[in-house]
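S.K.: Could you put together the complete structure from these sequences and hints?
Residue 2 in our numbering sits at position 2 of the sequence shown; the count goes up by one each step and never skips.
One thing to keep in mind: the hints can contain errors.
[Claimed, not checked] For each label pair, taking beta carbons as the anchor points, the in silico distance ranges come out as: (1) E22 - V71: 17 to 25 angstroms; (2) E87 - G43: 16 to 24 angstroms; (3) V71 - A108: 19 to 27 angstroms; (4) A108 - C131: 20 to 28 angstroms; (5) A80 - E111: 30 to 38 angstroms; (6) L92 - S135: 18 to 26 angstroms; (7) Q35 - N76: 29 to 37 angstroms; (8) C131 - A105: 13 to 21 angstroms.
If you are wondering where the hints come from, they were derived from the structure by calculation, not from laboratory data.
Glycine included, C-beta positions come from ideal geometry on N, C-alpha and C.
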Amino acid sequence: MPSLNPSQEQLQRFAEQMPAGEPILMLNLLRFHDQATYPAESGHPSCSGREAYAIYSRTAIRKVRAAGGQVETMANAHVALIAPEQEHWDELLLVRYPSPEAFLAMLADPEYRAATVHRTAAFADSRLIGCSPRS
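M.R.: See below:
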């Protein structure tokens, strides 16, 4: 089953298990729809999943920076060497935030929340994994 948006339970677990007040890395694995899947009543024009993600990204990058974060790595994924056969990803994104609290505050921002319609329409599947950097 595709994973597109965090549930309330997942957000709660994230808040409880990530080290508070410390820098974090968010690993994003992204698989795009060929055609974005906007709700019929949304009024958004037809576009590719990648184009919908680009629309979302214009807001998301501003909000990441406003939260004190930065994109560390963005890369095209080509082949999974060790993974289930059916698992494949189009892109990998690694984003640093000053803390889990900064990340969660960004998710609650009304402008960011409004932009997530494009993110949801863009993805066939995704993963978002909270990590702690090691020295």
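S.K.: Look at each hint and say if it fits the structure.
M.R.: Hint check results:
1. E22 - V71: 17 to 25 angstroms: holds, 19 angstroms
2. E87 - G43: 16 to 24 angstroms: Since E87 and G43 have Cβ atoms about 34 angstroms apart, the given range 16 to 24 angstroms is violated.
3. V71 - A108: 19 to 27 angstroms: This hint holds: roughly 20 angstroms between Cβ atoms.
4. A108 - C131: 20 to 28 angstroms: holds, 21 angstroms
5. A80 - E111: 30 to 38 angstroms: holds, 34 angstroms
6. L92 - S135: 18 to 26 angstroms: holds, 22 angstroms
7. Q35 - N76: 29 to 37 angstroms: violated, 20 angstroms
8. C131 - A105: 13 to 21 angstroms: This hint holds: roughly 19 angstroms between Cβ atoms.
The structure is inconsistent with the numbered hints 2 and 7, although it conforms to all the rest.
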